[in-house]
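Novice: We have chain F already, so just place chain L on it with the hints.
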Amino acid sequence: MRWPHAVVLALAMLARDTGAERTLPDYRYFRALSIDVVGRPPTRAELAEFEQPTFNLDKWLDTRLGGPAYVERIRRIYADLLRLELPENSAVFRPPSILLQWTTIQDPDGKTVSLYFRDAQRRAKPEIDGQVCFTPAEIGVTVGPEGNHSGTPKPVSKKLLDERTVVVKPWWLYADYKDKQPRDRAEPGWVQRFGYELTWSLFTEPDGKTPTTGVRVCREEAQLPATGRVYATGRDSKKGDPIPSGRTTRLPGDTAFARANAGRLTSCTAQTGYESSVECGCGIGLERCLPTSPGGFVMPWITPLGVNQPFDSAPRPAALWLRAWWSQEAIHFLDRIFQDDRDVREILISPSTMVNGPLAQFYRFFANATCCGAAAELGYSKAEPLFDPATVPTLAPYEVSNWKVVEDRGPHAAGVLTMPMFLLKYGSRRQRAHVVYNAFMCKEFVAETVKLAPSTEPDLTKRAGCASCHKRLEPMSAYFARIQESDWTYLPASHLPVSLDRCTAGGPAGMPMGACRTFYDADFTTRTSTVLRGAYSAPSHADEGPRGLAREVTSSPEFAPCVVRNVAQSLLGRQLTVEDEAWKTALADRFRDGGFRMRSLVRSILTSTQYRHANDRAPRAE
Amino acid sequence: MRSMALALLALVACQRSDKPAVIAPTGVVIAPRGELIAPAATDPLPAHGFVTLDTSLKARRRAVPAEVVLRAYLGWFGGLAPREAFLRARGNDLFDQWSYYLAALGLPDHHVDAPRVSQSNTVMLATMGRMGEALCIRSIERDLRTRTTPLADRVIFAFEPVVGPDRAAFASRFDVLHRTFLGYPATLAPTTRTERFFALYRAVAARHRGGRLTADETAWAAVCTALVQHPEAWLY
Numbered sequence: 005m006r007w008p009h010a011v012v013l014a015l016a017m018l019a020r021d022t023g024a025e026r027t028l029p030d031y032r033y034f035r036a037l038s039i040d041v042v043g044r045p046p047t048r049a050e051l052a053e054f055e056q057p058t059f060n061l062d063k064w065l066d067t068r069l070g071g072p073a074y075v076e077r078i079r080r081i082y083a084d085l086l087r088l089e090l091p092e093n094s095a096v097f098r099p100p101s102i103l104l105q106w107t108t109i110q111d112p113d114g115k116t117v118s119l120y121f122r123d124a125q126r127r128a129k130p131e132i133d134g135q136v137c138f139t140p141a142e143i144g145v146t147v148g149p150e151g152n153h154s155g156t157p158k159p160v161s162k163k164l165l166d167e168r169t170v171v172v173k174p175w176w177l178y179a180d181y182k183d184k185q186p187r188d189r190a191e192p193g194w195v196q197r198f199g200y201e202l203t204w205s206l207f208t209e210p211d212g213k214t215p216t217t218g219v220r221v222c223r224e225e226a227q228l229p230a231t232g233r234v235y236a237t238g239r240d241s242k243k244g245d246p247i248p249s250g251r252t253t254r255l256p257g258d259t260a261f262a263r264a265n266a267g268r269l270t271s272c273t274a275q276t277g278y279e280s281s282v283e284c285g286c287g288i289g290l291e292r293c294l295p296t297s298p299g300g301f302v303m304p305w306i307t308p309l310g311v312n313q314p315f316d317s318a319p320r321p322a323a324l325w326l327r328a329w330w331s332q333e334a335i336h337f338l339d340r341i342f343q344d345d346r347d348v349r350e351i352l353i354s355p356s357t358m359v360n361g362p363l364a365q366f367y368r369f370f371a372n373a374t375c376c377g378a379a380a381e382l383g384y385s386k387a388e389p390l391f392d393p394a395t396v397p398t399l400a401p402y403e404v405s406n407w408k409v410v411e412d413r414g415p416h417a418a419g420v421l422t423m424p425m426f427l428l429k430y431g432s433r434r435q436r437a438h439v440v441y442n443a444f445m446c447k448e449f450v451a452e453t454v455k456l457a458p459s460t461e462p463d464l465t466k467r468a469g470c471a472s473c474h475k476r477l478e479p480m481s482a483y484f485a486r487i488q489e490s491d492w493t494y495l496p497a498s499h500l501p502v503s504l505d506r507c508t509a510g511g512p513a514g515m516p517m518g519a520c521r522t523f524y525d526a527d528f529t530t531r532t533s534t535v536l537r538g539a540y541s542a543p544s545h546a547d548e549g550p551r552g553l554a555r556e557v558t559s560s561p562e563f564a565p566c567v568v569r570n571v572a573q574s575l576l577g578r579q580l581t582v583e584d585e586a587w588k589t590a591l592a593d594r595f596r597d598g599g600f601r602m603r604s605l606v607r608s609i610l611t612s613t614q615y616r617h618a619n620d621r622a623p624r625a626e
Numbered sequence: 002m003r004s005m006a007l008a009l010l011a012l013v014a015c016q017r018s019d020k021p022a023v024i025a026p027t028g029v030v031i032a033p034r035g036e037l038i039a040p041a042a043t044d045p046l047p048a049h050g051f052v053t054l055d056t057s058l059k060a061r062r063r064a065v066p067a068e069v070v071l072r073a074y075l076g077w078f079g080g081l082a083p084r085e086a087f088l089r090a091r092g093n094d095l096f097d098q099w100s101y102y103l104a105a106l107g108l109p110d111h112h113v114d115a116p117r118v119s120q121s122n123t124v125m126l127a128t129m130g131r132m133g134e135a136l137c138i139r140s141i142e143r144d145l146r147t148r149t150t151p152l153a154d155r156v157i158f159a160f161e162p163v164v165g166p167d168r169a170a171f172a173s174r175f176d177v178l179h180r181t182f183l184g185y186p187a188t189l190a191p192t193t194r195t196e197r198f199f200a201l202y203r204a205v206a207a208r209h210r211g212g213r214l215t216a217d218e219t220a221w222a223a224v225c226t227a228l229v230q231h232p233e234a235w236l237y
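Chains as they are written, first to last, in the working numbering: chain F, 5 to 626; chain L, 2 to 237.
In isolation and in its complexed conformation, chain F is listed as follows:
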């Protein structure tokens, strides 16, 4: 006799309510839920609890939705979509202004000691201006820009050593580096105290025995002021000029900025301060710089279960560990959204973020080091940053495991879209727009079938064969026109309007060379107007910035169904099909009406028939 399906189901439910034994599908469902919201299969103790007649699965599920394993599970969906890690060998962000190069010299006793310096550091003495603070004649070796040296070292006199260098207790060795007499020196216990680990190469002098109690740096690098006077020498250095004897580089010439602003104060955290002032150093405890060597900063290496549980780690130069924290910033930002069940649209639109000590140091002192390059010619020399340094919380650079919320990074911030990791991973404007289109609208650019013909049409929204994709892509990528490619430098409208008169082709020589051609698109320049690069298809989008893109995407009808699709496919372990369309639509409606909260969406999926039957295949006999 065959029982109707509904009767079987009712009996099963009755049996469950009366505490009867669990069935195999019950166990499988519980195991699947455990894998998805606890992050591991159930233990025997949890199974025993599950088998109790009083066990309440709804209550059990509710207490786990919002737990760390749930947060990690949902974050993984977006981590897989955005892939916010950089290739290991990518040489990103190495501005010389923040990097303390490491070399060795001989002290007056003939002992080898470490010496830190910045490549291209401005110094008043012409023979050492722009390079290490000793001439080859003084130390016997020629020191290259990255600290490598050649020749036979000779002891430097004590007088000269004291004149040119100073010993500093740096931030990476002393927790109280801002005190007059720092005493709290790094030791192995810092791993538990700050989550920060150094290898012994940073604890000892080059002899491997003498404890390092301070680091010797060139005197200019050790300067403390936040601003310095612009220094103009009157020199004009050009490519092709001979390199003076005893130097490894040409004498630095005056930049256009230095010539125009000689004697004025400039910020020491900006590129202009570094290039044009002999008064700019690395600040107290060298906190405005990173030592490039020796590689003593232990970085978590393979971290599928988080940086606190690394499967491998390796000592690396501090300059390289920033990329790990950029990645962690995005992870902590997403975790906060899912942990607190915030509006999912915040992924794109929120001005908030989370930072730890290294990130606080980065945003306060380092981030503007790439500003402003050639834009200084157009009067842009003080960064208008994506992350206002004034909003950075007080955190010491070594406070690795201390994360703090920053509620508002500034007027240009927009979720992950303005984080360094996103902007470096997706270097071009089009890449940035593409990944947003794909991850948050679940759409892809597919070219039409058309025979491509040679064309001189610079407007890709019109060029045959290109238009089918670029008609949509170009206006989206225009939202990123004010963020430099492969960088995070913001290009403000105050200095770089969408069209700038002085960059038009009205002059006898056409469009001016230099900054105009760097920032403005020659293909769209006429005698009366020009266009900021990347903005030609939608100039208004350039001024709206990434926040404009975030608004457009999150208010589009595709956003909610796309979130549902991504989450449901991940939890079901399969693609949604046409049979799921009604279910998906209902979920998307509820998700939208409920204020875009992830927790209720995930709960709906986990308790759905689709999830329960996601693995309804009968197991084969082994």
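Treat the hints as calculated values from the structure; they're not laboratory data. Any given hint might turn out to be false.
Claimed, not checked - A partial selection of chain F residues facing chain L, derived with a Cβ cut-off under 7 Å:
1. PRO29
2. ARG35
3. ILE39
4. ARG44
5. PRO46
6. ARG48
7. ALA49
8. LEU51
9. PHE54
10. ASP84
11. GLU89
12. PRO308
13. ASP316
14. GLY577
15. LEU580
What the hints assert, rightly or not - Anything over 12 Å on all C-beta distances counts as not near chain L; from chain F, calculated:
16. ARG68
17. VAL170
18. VAL396
19. LEU504
20. SER604
The beta-carbon is built from N, C-alpha and C at its ideal position, and this holds for glycine as well.
Specialist: Frame of chain F; chain L shown alone:
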């Protein structure tokens, strides 16, 4: 054949209209040029039959995410950190390096945009077997051989072993392992699973030729290893 058919068609097209119709090799009836096929009543269509279609989705089982595999594995090692688990597992060529296993388990590598592997493959299965063997042998040594871990604290072999267990003694102990790795009682297993694993146990114990582990310990290690890499352990 195709060229012959085309030639035939061309021939037909050039023929006078009073020629009879030709049947091309494809079976198509070709009317002579200028002639129409006279209309005729169509044969009635055969009556519709009814076939019940099962429209439910036939999904393959999901692979347990690699992160869950790793967390479970570390948990079975007693909740050790990855580095400590490595230190305990290595030795006697039982465990290599984490880095050798992690990609094989299907973890994505976002540094190089390598996607997550969501379907099992032979390398993945071999890796699970290798990791499972290390786990089971180290757990035997810790739980059963030295018996330094109290029964209540044993993660894997939470039972007192007996020498040469009979079927009933085996079944109760096997159930402990079955719950640990597959998440449900062995009695609910859809096949004669307990019998098959008991046979495995006896076969391994019978072939035992001495070594660090006894015949029963080796047999339990084999049962444990087989369960760790059972498809139900890594699919859900």
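Novice: Tell me the numbers of any earlier hints that the structure contravenes, in ascending order.
Specialist: 1, 7, 9, 15
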